[in-house]
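Participant: These are the residues of each chain, in order.
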Amino acid sequence: MNKNKEKLLNSRYRAEKRFQFYGKSAIFLALLFLTIFIFKIFSTGYTAFQKTWLIVPVTFDAETMYLDENPSKEDLEDADYFDLALQTMFNLDKSASEKQQNDLKRMVSYFFEREIKRELLNDPSLIGKTKDVYLTASDDLDQVFKGNYPRDLPEDQRRVTDYQLKIFDQLVEQGRVESKFNLSFFTYPDSREAELAGIASSFMGSIFSIVVCLVIAFPVAVLAAIYLEEFAPKNRFTDFIEVNINNLAAVPSIVFGLLGLGILLAVFQLPRSTPLVGGITLSLMTLPTIIIACRASLKAVPPSIREAALAMGASKMQTTMHHTVPLSMPGTLSGTIIGLAQALGETAPLILIGMVAFVNTIPGSPLDPAASLPVQIYIWAESAERGFVEKVSACIMVLLGFLIIMNLFAQIIRHKFEKKWS
Amino acid sequence: MKKNGVKMIKINSKNVDVFYGKKQALFNINLDIEENQVTALIGPSGCGKSTFLRCLNRMNDVIDICRVKGQIIINDFDINDKSCDVVRLREKIGMVFQKPNPFPKTIYENISYGPTIHGMAQSKNEMDEIVENSLKKAALWEEVKDRLHEPGTGLSGGQQQRLCIARAISVKPEVILMDEPCSALDPIATAQIEELIDELKKDHTIIIVTHSMAQAARVSQNTGFFHLGELIEHGSTDKIFKNPENKRTQDYITGRFG
Numbered sequence: 022m023n024k025n026k027e028k029l030l031n032s033r034y035r036a037e038k039r040f041q042f043y044g045k046s047a048i049f050l051a052l053l054f055l056t057i058f059i060f061k062i063f064s065t066g067y068t069a070f071q072k073t074w075l076i077v078p079v080t081f082d083a084e085t086m087y088l089d090e091n092p093s094k095e096d097l098e099d100a101d102y103f104d105l106a107l108q109t110m111f112n113l114d115k116s117a118s119e120k121q122q123n124d125l126k127r128m129v130s131y132f133f134e135r136e137i138k139r140e141l142l143n144d145p146s147l148i149g150k151t152k153d154v155y156l157t158a159s160d161d162l163d164q165v166f167k168g169n170y171p172r173d174l175p176e177d178q179r180r181v182t183d184y185q186l187k188i189f190d191q192l193v194e195q196g197r198v199e200s201k202f203n204l205s206f207f208t209y210p211d212s213r214e215a216e217l218a219g220i221a222s223s224f225m226g227s228i229f230s231i232v233v234c235l236v237i238a239f240p241v242a243v244l245a246a247i248y249l250e251e252f253a254p255k256n257r258f259t260d261f262i263e264v265n266i267n268n269l270a271a272v273p274s275i276v277f278g279l280l281g282l283g284i285l286l287a288v289f290q291l292p293r294s295t296p297l298v299g300g301i302t303l304s305l306m307t308l309p310t311i312i313i314a315c316r317a318s319l320k321a322v323p324p325s326i327r328e329a330a331l332a333m334g335a336s337k338m339q340t341t342m343h344h345t346v347p348l349s350m351p352g353t354l355s356g357t358i359i360g361l362a363q364a365l366g367e368t369a370p371l372i373l374i375g376m377v378a379f380v381n382t383i384p385g386s387p388l389d390p391a392a393s394l395p396v397q398i399y400i401w402a403e404s405a406e407r408g409f410v411e412k413v414s415a416c417i418m419v420l421l422g423f424l425i426i427m428n429l430f431a432q433i434i435r436h437k438f439e440k441k442w443s
Numbered sequence: 011m012k013k014n015g016v017k018m019i020k021i022n023s024k025n026v027d028v029f030y031g032k033k034q035a036l037f038n039i040n041l042d043i044e045e046n047q048v049t050a051l052i053g054p055s056g057c058g059k060s061t062f063l064r065c066l067n068r069m070n071d072v073i074d075i076c077r078v079k080g081q082i083i084i085n086d087f088d089i090n091d092k093s094c095d096v097v098r099l100r101e102k103i104g105m106v107f108q109k110p111n112p113f114p115k116t117i118y119e120n121i122s123y124g125p126t127i128h129g130m131a132q133s134k135n136e137m138d139e140i141v142e143n144s145l146k147k148a149a150l151w152e153e154v155k156d157r158l159h160e161p162g163t164g165l166s167g168g169q170q171q172r173l174c175i176a177r178a179i180s181v182k183p184e185v186i187l188m189d190e191p192c193s194a195l196d197p198i199a200t201a202q203i204e205e206l207i208d209e210l211k212k213d214h215t216i217i218i219v220t221h222s223m224a225q226a227a228r229v230s231q232n233t234g235f236f237h238l239g240e241l242i243e244h245g246s247t248d249k250i251f252k253n254p255e256n257k258r259t260q261d262y263i264t265g266r267f268g
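Listed in order, the protein sequences are those of chains E and R. FYI, the numbering for the first sequence is 22 to 443, going by our numbering. FYI, the numbering for the second sequence is 11 to 268, going by our numbering.
Okay, chain R solo, but in the shape it has when bound (with noise of 0.2 angstroms):
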């Protein structure tokens, strides 16, 4: 997104390391991310790409020996100071894991409970209209509108993944963070997500992670390559993978190691 012809910075990311006890994970990730774009990042298995991603929501703080450094500015506001608060700022930056994690509850509750807890609803219409809103912004409205009360555990892999979409839109993240969303679907539901994700970049800043590079050439407009824990390049998807500057990014792309 372009405002006078200025890109939109929504996260900045500041000499970013990760270490996993004395094992780093990450070393010095200096990124940008764009203001309701898609941004991709590549790179081989155990590169960093999740670790990197769980950053920014700071779910790595869940992990004990897990300590990132540097700085990770989101709207002026660095992250990992002490006086931010985790709970405000997973409210404004959802998230999309790799395994679809409903939680065993009907499909309502699923989506009700971001709201619920956060306090956007004042009454039960207000909180329907949030559950309708979320569903039909995640496409899945029309397959579940009339069994709203029943699991949300009993849908198919595409729907469970759609419908933990529908449960992160559901509080209005400024950002949503994918960890490889499609990596456990077919290719129809696939489609599904990616057509979906094209339509939430309106309103959201998406940040996925994917192993498939079709994928990441499909539905982004900036990627990032990650190799060994280091940034090796970043710039637009079309210069990443059309020309890209760096050899190593040029033989993850063509498929020679990765």
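Okay, chain E solo, but in the shape it has when bound (with noise of 0.2 angstroms):
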């Protein structure tokens, strides 16, 4: 008898020892994953926020520009710049062959022309003068000088030339070659250069489009969700839009995708590719996260609340609107956070709206076309070069560090904001 409880006993404790280990190696197994997988994104991605700089002497030759003398601020907007900076690239190899020319041309963004403009904008009495100016490399030498170019394949199968590399090894020799903060990455808009392309237009489009999804969502949610909970008689009407609500939330986003293009741009011809048409495409997915939020926030309200307001002479609109509603304000507010947080992930709605498009202007409101972040780690991880590959990265390290302050704020709402009763 004492025997067989001490077997018992034993086993008891072995089946517990059995399921922490269990335990243990699912989460050992998730951070696992989880670290692999940032240490990837951060791996590939932290150099795409460093860009390289080729430093070049840059002769402002009156007559290369078709200048007259002492032009005037509208000669210098018109000039022809871009003789100026041919010859600026020439001249770092005065015997080059055309071939060897084309080259040299090409070993810096096809933006070099406007990058020396600007340095002559910024201060006309450089005519006439020499001065060293920052070109942005071409994405392929940008790779090379970051490590991330194999230097060892044949030349036919590389996209920087040997002659490319001799006159760049002579730069790096000549400490004209820098690397510094990429800023153009979020200042600058899309482009088909990788060493030009930046996430401002996405950004922006996302930012857009979470607005008019908040301002559309949050209001027709809240409300909803006050009406079911608070006042709508319990019936089966009530119960079939309930159980509808819930399966709305389960829908694969791509259906709301389809019902943007079918009604928002179709019906009611709504300029497509803009984050309008994003926002309320993404407002409709919102929607039933918000309305089950707000509801169960509003569920958790202890009755004795509403009771005390209600017997000390509140009507019902005034115990909901005094009482109930701003305690189950943080947990709707959180809510309302994680849905936008999905929202700014989401990708196949918009790609059937058509945020897709290459859109290479930063839009100023909703109503122009944009990208958003997600679509535009799509468009670049579809990009053949290298340099979009360390983009993809550090775009989605931009996502990422989005979702997680978002998240942040969701998880400070809740606690700072939500109070305690007995």
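No lab work stands behind these hints: they were computed from the structure. Note that the Cβ used here is the ideal one computed from N, Cα and C, for glycine as well. Nothing false has been slipped in among the hints.
Here are the in silico distance ranges between beta carbons for each label pair: (1) R/Val96 with E/Gly44: 52 to 60 angstroms; (2) R/Lys146 with E/Ile425: 50 to 58 angstroms; (3) R/Val96 with E/Val272: 40 to 48 angstroms; (4) E/Lys437 with R/Gly129: 27 to 35 angstroms; (5) E/Phe40 with R/Asp156: 51 to 59 angstroms; (6) R/Ile75 with E/Ile433: 39 to 47 angstroms; (7) R/Asp156 with E/Tyr67: 52 to 60 angstroms; (8) E/Pro254 with R/Phe87: 26 to 34 angstroms; (9) R/Ile75 with E/Leu30: 43 to 51 angstroms; (10) R/Glu205 with E/Gly44: 52 to 60 angstroms; (11) R/Asp88 with E/Gln363: 53 to 61 angstroms; (12) R/Val96 with E/Ile433: 36 to 44 angstroms; (13) E/Pro254 with R/Gln34: 21 to 29 angstroms.
Build the complex from these two chains, which are given one at a time in their own frames, with help from the hints.
Facilitator: Dropping the structure here:
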């Protein structure tokens, strides 16, 4: 009898130990995946925050720019910088052949002409003088400098020619190559050239979409939730609505994209590729999430508070607005932020309503065409150039950072404003 | 309270039946409540005493499946009549619940809420006065006067319950309903509340539901005994406790069941 009991007790302890081991292994596995994921993204992406510059001496020769003496500001604006820019690059190797000259030109971004122009517009007194100017290196050289590009491949399999490497190495030796923080990644819109591509357009697109989504989804969802939870009679019809709201939350997001395409674009003729349409589509998706969160937090308000208010002679409306709703707000808000975070990471519906288009302008309002961060990731991931690989990871980092901040905010709201009742 | 030797009746209930869905919870209750007296409702759990109490300020309206039949006449007016406005009714009939349920707001806001929604104060000074008087009447003023703007939920259980009483009397109700107000409190806090009830009956008619027969005997002048949804016996507390007419009342009082 006693022996049996001891056996039983031991096996119970062993069962608990086993269970704890399974639990710990599960957590370890989850953390391992997360670590690998984050490590991969950071190790490929961190270089995107650096940009390689070639420091090239530019002689601002008035003749090459076809400028008269004492040019006005307009003249400088309209001047032809192309020959000057070309000449600048050719000067790196005066004995270059025509083919090599072409290679020289390709060592910098196609933007280099404008970079030279900006320099002169900032300081018109440079005419006739020579100054070292920072020019954006082409994405291939950028990758070479960052060590992401294998140099030992045969020349015909490389995008960088031996000649370009030779000149580049000379420049490195002279200290004329510099790596600086890549501000343009945040301030430039998308571009076909990896060295010039930035997330400004998609970032603003995401912000506008989220704002439109919030403005539409929040009031509608909160009103619906309050009515359903506090005022609606409990009958078959409201049960039916409740079931359908829960179903709506489980609808795949691409279906909402089709809805946006079929109704917002086709029927209402709203401008396509815009954050307005994207935001409305996302708000349809966020609506059930907020309704469910709001109803849950209304339900969590203890009935004793409602009874207290009603017994004081408060009307149903006063009870709801003065007591129940304020008490439910922390839960509602954090649910809303989580819903918005979901919307922020949503790609499929935006692709359907055309926010996948190549947009190389920064949107100034929700009515301008824009991309969004997740769609930008998708676009870049499709591109072949090495320069876009790190950009994909960098964009993921920005998106993750954004999401983490939002979720943190949701947590803070929940903890800080949640009132404790006895 | 007797006027010219006649008992003044504040609440007069006639043939009150209450149903929860198909289940009948109260059967034909006829009970008169005397003005400016404390009436205790006693009986075992589930006997319907709380249900009856909640009929008096129509708190049963909140429960969807609950139906109330019969007449409850307060100030010559049937509160179950369609023309009765619940908001006005509940202004006149305050309630204190079993578990202290202050709003998760400051002590001041807890008291000022009722007067605010009923428009009883024209100025900040008037409101301050109402708050002070209510807290004084609830014997809580001395303990909280320096922290009126701290959360009411930070008080002790007994203080919270007195805060709820202060909140109830802030709108100067004619009747105060108390649903086992001391069941969540320790003996000292209970004693304080009982003392308070005795004080409050000067200005208000009080109906208290209690599980403790000792409490009923201590605080009430009249007692009604409920059992299985029926009002078995009612009368002066003295009579009910010392000389009950009904066998079941006697058994309950002497602790043979319940």
